[in-house]
Amino acid sequence: MDGKAIVWESDWDAALERARSENKLVFLDVFNPH
Amino acid sequence: MTYPQSFVIDALVQYAIPLQIDNSQPARQTLLHRLRHIWTPDCRVLNHNGEELYRWEGYLPPAEFAPRMLFGFGIAYLREKRYDNAEKLFEDVLRRFSTAIAAPEAQYYLGVARYRRDPESDEMLEQWAQLRARYPGSEARVKQSFKELPEPAKRSSSA
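Chains as they are written, first to last, in our numbering: chain A, 58 to 91; chain B, 2 to 160.
It is worth saying that the hints were derived from the structure and are not from the lab. Quick reminder that beta carbons are idealized off the backbone N, C-alpha and C, glycines included. Possibly wrong hints are sitting among the right ones.
[Said to hold, decoys possible] Estimated spans, in silico, between C-beta atoms of each pair:
#1 B:Lys148 <-> A:Asn80: 13 to 23 Å
#2 A:Val64 <-> B:Gln26: 15 to 25 Å
#3 B:Gly138 <-> A:Ser78: 19 to 29 Å
#4 A:Lys61 <-> B:Tyr60: 41 to 51 Å
#5 A:Ser78 <-> B:Arg35: 21 to 31 Å
[What the hints assert, rightly or not] Calculated cross-link-like contacts (lysine to any residue; reagent style SDA-like; alpha-carbon spacing at most 25 Å):
#6 A:Lys81 <-> B:Gln131
#7 A:Lys81 <-> B:Leu32
#8 A:Lys61 <-> B:Tyr60
[What the hints assert, rightly or not] Derived list of chain B stretches under chain A, where covered just means 3 residues or more per stretch with a C-beta under 8 Å from a C-beta of chain A:
#9 83-90
#10 106-118
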């Protein structure tokens with residue numbers, strides 16, 4: 058690892074709004090923490 | 002294990018907003034039902050309207066995850082008719098991850114993207130000829146086998 062980390066959105070609507078304003082896609086990862 | 006890899010991070014944030022949902026949280030169950038979620042990891046590429054453009058499930062190590070994700074972004078752009086972006090991503094997969102599981106599909110859909118951009122050109126068949134040569138045992142090769150350029154004539158060896 059080189060110190061980088063992904064800053065994940067957890068809010069669906071906020072992620073879509075950011076994608077719209079930044080002209081990007083959304084990458085959704087549904088995970089299980091256990 | 003996959004996401005700390007810098008080449009995965011770089012590819013993800015270049016093209017997408019990362020959104021993560023914990024499937025153990027009660028408050029998420031309605032959304033997960035709507036998504037028809039069944040297994041983890043469950044990876045989707047969406048547009049800004051929340052429409053699903055690509056998906057896959059199950060673990061992939063970083064060297065397979067990155068090309069699968071880039072391929073997924075390419076398919077997303079193809080579905081959005083953003084052909085330049087789609088082609089660039091398929092070409093990136095083929096250049097950087099030519100032995101990845103996603104590579105034959107990238108070669109196949111590079112042909113599709115070229116065709117969608119210009120149905121009159123021969124570029125789809127040219128890309129599919131490369132698919133035939135580079136990935137002869139792949140599922141993508143089977144899918145393109147209905148339409149192809151003739152095999153180049155084999156040169157006879159001189160005595």
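**Report entry** Pairwise beta carbon distance, Lys61 of chain A to Tyr60 of chain B, judged against the given window 41 to 51 Å
**Finding:** 21 Å, violated
| query | Does Lys61 of chain A pair with Tyr60 of chain B here, judged by a C-alpha cut-off of 25 Å? | reply | 21 Å, holds
Practice task
For Ser78 of chain A and Arg35 of chain B, compare the CB-CB distance with the range 21 to 31 Å and indicate the outcome.
Solution key: 24 Å, holds
Between the alpha carbons of Lys81 of chain A and Leu32 of chain B, is the straight-line distance 25 Å or under? The given pair, whose Cα atoms are some 22 Å apart, holds under the 25 Å limit.
- [ ] Please work out if Lys81 of chain A and Gln131 of chain B have their alpha carbons no farther apart than 25 Å.
- [x] Outside the cut-off at roughly 30 Å; violated.
(message) Taking 15 to 25 Å as the stated bounds, is the beta-carbon spacing between Val64 of chain A and Gln26 of chain B within them?
(response) 19 Å, holds
Does the Cβ-Cβ separation between Lys148 of chain B and Asn80 of chain A fall within 13 to 23 Å? About 35 Å separates the Cβ atoms of Lys148 of chain B and Asn80 of chain A, which means 13 to 23 Å is violated.
For this session: For Gly138 of chain B and Ser78 of chain A, compare the CB-CB distance with the range 19 to 29 Å and indicate the outcome.
Result: Violated: the Cβ-Cβ distance is about 44 Å, outside 19 to 29 Å.
### Task
Examine the region 106-118 of chain B: at least three residues should have C-beta closer than 8 Å to a C-beta of chain A.
violated (count 0)
Note to self: Can you confirm whether chain A covers the region 83-90 of chain B, using C-beta to C-beta distances below 8 Å and requiring at least three such residues?
What the structure shows: Per the Cβ count (0), the hint is violated.
Hint compliance for this structure: hints 1, 3, 4, 6, 9, 10 are not met, and every other hint is.
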